[in-house]
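> Starting from the known structure of chain A, arrange chains B, C and D on it as the hints suggest.
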Amino acid sequence: MRKQIIIRTALVTALILIGIFLYVIGKEHKVVIDNRDISIGDITYSASTTYVVWVDNQEIGVIKKGERNAAIVTGVSHKIVVEEIKSNVLTGEKHEKRFRLKTNESATVNIPAIINNANEWIDKTN
Amino acid sequence: MKKLLLSLLFIVLFASITLADAPFHIGIMTGTVSQQEDELRGAERLIEEYGRVSDGGMISHVTSPDNPDAEIETTISQITAWADDPLMKAIVVQTSISGTTEGFRRVRELRPDILLFAGSPQEDPAMIAGVADLVMQNDNISRGYLLILGAKKLGADTFVHISFPRHMSYELLSRRRDIMMETCKDFGIEFVNLGAPDPRSDVGVAGAQQYLLEKVPAWIEEYGQKAAFFTTNDALEEPLIRQVATFGGLYVEGDYASPTMGYPGALGVKFEEADKGNWPNIVKKVEEKVIEAGAAGRMGCWAFSYPYCIAAGLGEHAKRIIEGKSELLDKTDIIDALGVYSPGAGWNASYYIDADDVVRKNFMLVYQDTYIFGRGYLNQTSEVIPEKYYDKNIGKK
Amino acid sequence: MKKKIQNIIENFGLPRIIIFLFLVLLFILTPFVGIRFDTSINDIIVRFGMNGILVLSLIPMVKTGCGLNFGLQLGIIAGILGAVISIEMEMIGFTGFFTAIGIAIFFAVIFGFLYGLLLNKVKGDEMVVATYVGFSSVSFMSIMWLMLPFKSPNMIWAYGGSGLRTTINTKGYWFHVLTDFLKIKIGNYIFFPSGTILFFAFLTFLVWAFFKTKIGTAMIVVGSNTDYANSCGINVDKMRSISVILSTVIAAIGIIVYQESFGFIQLYTAPLFMAFPAVAALLLGGATVGKASIKNVIIGVFLFQSILTMTPSVVSNIIKSDMSETIRIILSNGMIVYALTRITRVRT
Amino acid sequence: MRKKSLTKTMNPSVLFLINYAVPIIFIILIAFAIPLSGLSGLYFIRELMIRLSRNSFLILALLIPVMAGMGMNFSIVLGAMAGEIGLIFITDWQIVGISGMLLAILISTPIAVLLGYFAGIVLNRAKGREMVTGFMLAFFMNGIYQLFVLFGMGNIIPISNSSILLPRGYGIRNTINLLGIRQVLDKLIPLKIGDILIPVATFLVIATLCVFITWFRKTKLGQDMRTVGQDNEVARVSGINVENTRVLSIVISTVLACYGQILFLQNIGTMNTYQSHEQVGVFAIAALLVGGASVAKANIPNVFIGVILFHTMFVVAPRAGKALMGQAQLGEYFRVFVSYGVIAFSLALYAWRKRVEKENERKKIMNYRKSILAK
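Quick mapping for you: the protein sequence lines, in order, are chains A, B, C and D. In terms of the numbering used here, the first sequence is residues 1 to 126. In terms of the numbering used here, the second sequence is residues 1 to 397. In terms of the numbering used here, the third sequence is residues 1 to 348. In terms of the numbering used here, the fourth sequence is residues 1 to 375.
Note that these hints are calculated values from the structure, not bench results. All residues carry an ideal CB built from backbone N, CA and C; glycine is no exception. Fair warning: there could be bad hints in the mix.
[Said to hold, decoys possible] Here are some chain C residues pointing at chain B (derived, C-beta under 8 Å):
{"#": "1", "residue": "Asp38"}
{"#": "2", "residue": "Asp125"}
{"#": "3", "residue": "Asp180"}
{"#": "4", "residue": "Lys183"}
{"#": "5", "residue": "Ala270"}
{"#": "6", "residue": "Phe273"}
{"#": "7", "residue": "Phe276"}
{"#": "8", "residue": "Ser324"}
{"#": "9", "residue": "Asn333"}
{"#": "10", "residue": "Gly334"}
Excised from the complex, chain A in its bound form (with noise of 0.2 Å):
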């Protein structure tokens, strides 16, 4: 009797964290990239020109010098990638980044700041 009881809240349980673990890589996030001058303490990033940005190895778009755009993401780990573009080519100078999402965050990430490195690339908020 005992050990069914305890086999079945053993159950209960890992179906209970199955249940956490598939909410986790489940879900959505959203990811704001822009490609507009960011301030940083006291430097400010400009943009300049215009970026082909692929998020999760997924094409999101061109983004030209103001503009914004949004990616859809699932799960916690992601990559995103930027190149530049002149003249419908591509210049080869490419950027990555990883970054961590946790279930409720949402992130804008700045493309200025990627390519000069900046610590402040990406704001997650809740």
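Using the frame of chain A, we list chains B, C and D on its own:
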């Protein structure tokens, strides 16, 4: 048997021979006459003008299931089947029942070049607007204000809104009711929110109609002769119109506003050969009957049937776009196409604004002027609607 | 005394008593929620007259063991045919009404005969087959409503100019001829539709009398024990066929009475959902798949129609919102489920 | 007259025709209808593939109650509702992909078990009227579902996603976009033959269920159910808890229906919040019956034959009807007429076959007796 086979063979042969005539095809899906005849007639009007595909024409017409929510699979396959036709360039669905969105998605996957038009979506507006090229619906936002204004012009002191939970789960119907409530408050009209059986529930259309037939006289007694009645459901309009005509009360217009919606059955209007396909004549016939019933100046509708105009108008618009004569989202072009099937009627149009405050440029909301039998037009299209009624937070607790 | 009450309860069935008490409660509530007591009573009486015959039509088939007639639509279609043809012929008043019934019976006999042939082939699965026969016949007739050459300007489509409309008004033809026959007015709000009720009583009597005749008793034997019937030399298939024809004919008459009182003839998909309320009413009246009596019909129609009209009006006056419809669905269907789960308890 | 028909039915070729009457008639019908409809073979195969993957699971859910003698389980609608509640939650939380679907299954399972248990108890009290009661129960629960989803969600149960919540602040919209999990299972293992996408993973899931059902029949519980199905009294005497076994069969069926509905909706990609489940029972049962099952006996082949025949009719008939009748709306009526007419007709044929088999058996016994007597 042999004869039948032979004739079948001929049909198939003819179909394949003459297929090449029209440069492109337009598929149109409407309901059957089980609900109302108008949108089907719209499709037939297009066939009359441009011919059917099987005769070498342009239009391929199919009808949607009578029980759309249960037969969503049929709707999807019917729409997807058009992707098979290499000449198919546009698909129009009037009364975009459940399954239209998914049908459109599947067509998109197979044939991204086909134009997809949805009239009067029964699915969530944001959902259908996400896939269709153009969505058109009667302007339930503006009409939330205009219906009350119309009632006020007729001298109403009470507005009775009859619906059931399933309909109130439609965003635009629910929002329209909330706008009505707000407008009533501003005009000093009493708003009454009443429930009725859902014709798609266990009691069926007959049970729902009977409930209204029984209750409307009691309601008129309770809320007085100056109460205006409105129902969100087409099937409920017939008993409502009949009881309002007999017992009093006001009826500004129906949800799918059309002279053929509810009036002919409710009042036993007689139509002759000359009325066939002639809206002004039909309006005149209905008007005579309404006046005869002693309801002059109390009841109204749109002079040109809404579903008819949308079905035919969207088809016409699609044709013009493919021929390069019209722009997909150009407001005047769209109204022009509608005008072909409603000569002389004024239309107004606005855009749908979704829950995130994004203006959906491919979602048009349209309305016509209201015609009151025995009185004339109410000039609703020239009214300016105060901006505050477009606020999406109206009615929020 | 105690035993007497127990007897009554057993006779009437506990679930029906509870539903009856529920109805009484609704009636007590009427003045408090602002509904007229008298109009409510009136609605129930009118509905009783309208729907009684349709429920009655199920009886012959149950008696011969053909089960509940889920193919009721076939009879309804025959009735509609009679009704529209009589309007096409411009028959007015009682002449129109009885012409409609005459034509309807003609079609009902033909349909019933064919239907009976089919049902005799599927002994044991009648109800399932009947359901689909009902569905397909409604669709078939939808084609016919569009194709048949009806001309009456009162019935054809406004814009299309041919084919029948979804609803046809019986006003000016035979609207309320039966209802107004010998109508008794009590006060301003109650009128007793004597004609309809008398007509129902008359048909009920005919059915009752029929089952007292030789053929009728033979049919009951077929229903209770096929093998025994066979050994008695009763032609089982023939008896079953007769019962199916009878059911179809009564249903055809029933729908005409319904339309006469309702004022509309409803075509196309409307008949599709008409078998279900009739069957539910009979079951609520205490009948089972294999056993049903006139008593079940009367009790069933009364309770079912009362719940149908009273629940939504009372509930919607208590909570003035569309939510009342949800409550109605829960209450009325809950009551029916409840009744269905209790019947055996009372019998054993 | 009677004798003549009996001798005729002993003829093997006639017997073959009787045994396979329904498939034969369907094949003939389809052979006529496909060219008439003007649909391409490719479209037809694609459509049939989709329908098989979409519907089989739901129909398989009906098998176990039949085993336990409870007839066609109209209350699988309850399972479908449970599945939809799971889908509403994952859509609200924005959980997508395969994990979203699994989470929906996880959430809805306990609800389905609960509803199934409730349905089982109700049906136990309505022995002999299970089907009608199941039908009514579905209506009743639909009301509860409406109360819960339209008035409870947003009021009592927090819902935050504005794309599924009505602007008035409570109640779920009439349709829900399931883009997040749309066809995730169908496309999990991608396989394309020509232009036809084959939903390998979905078929694998269905196959697993078939294996489970076959295995289940052989377990102690499965054996018990069959005994209960044959005779309640015998089962009781042999020490089986009849009531419990019946409830269990409904619980299993409800849970399977819940998964079936999730599978169905992930393929459809949109959900009709208040109506998607309503006709699930009617359609699944119709297909199973066309497949040759009866209220008392149904097996796995019945399911697949049923899906193929029933849905072929539904795919082909509208266009064929339109071509035949010349008018679009007549085509729609024609489709419903033919589809249901064919169901009624095939049921009649099956019943006829049963009778012929019985008579043949009786005749065999008679012959056997005669031969013994002759000796």
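> Next, verify each hint and record whether it holds.
Right, here's what the structure says about each hint:
1. Using the Cβ-Cβ criterion of 8 Å, the hint placing C:Asp38 at the interface with chain B is not satisfied: the shortest such distance is roughly 11 Å.
2. The beta carbon of C:Asp125 comes no nearer than 23 Å to any beta carbon in chain B, farther than 8 Å, and the hint placing it at the interface is violated.
3. A cut of 8 Å between beta carbons decides the hint on C:Asp180: the least distance to chain B is about 15 Å, and the hint is violated.
4. Contact between C:Lys183 and chain B, as hinted, is not supported at the beta carbon level, the nearest pair being about 17 Å apart and thus beyond 8 Å.
5. With 8 Å as the threshold, the beta carbon of C:Ala270 comes within range of chain B, its nearest partner Cβ sitting at about 5 Å, so the hint holds.
6. Because the closest C-beta pair between C:Phe273 and chain B is about 3 Å apart, less than 8 Å, the hint holds.
7. For the restraint placing C:Phe276 at the interface with chain B, the shortest Cβ-Cβ distance is roughly 7 Å, inside the 8 Å limit, so the hint holds.
8. Annotation: C:Ser324 was flagged as interfacial toward chain B, and the flag holds, the nearest CB pair being 4 Å apart, inside 8 Å.
9. Annotation: interface hint on C:Asn333 holds; nearest CB of chain B at approximately 6 Å, less than 8 Å.
10. With a cut of 8 Å, the hint placing C:Gly334 at the interface with chain B is violated, because the nearest CB-to-CB distance is about 12 Å.
Checked against the numbered hints above, the structure breaks hints 1, 2, 3, 4, 10 and satisfies the rest.
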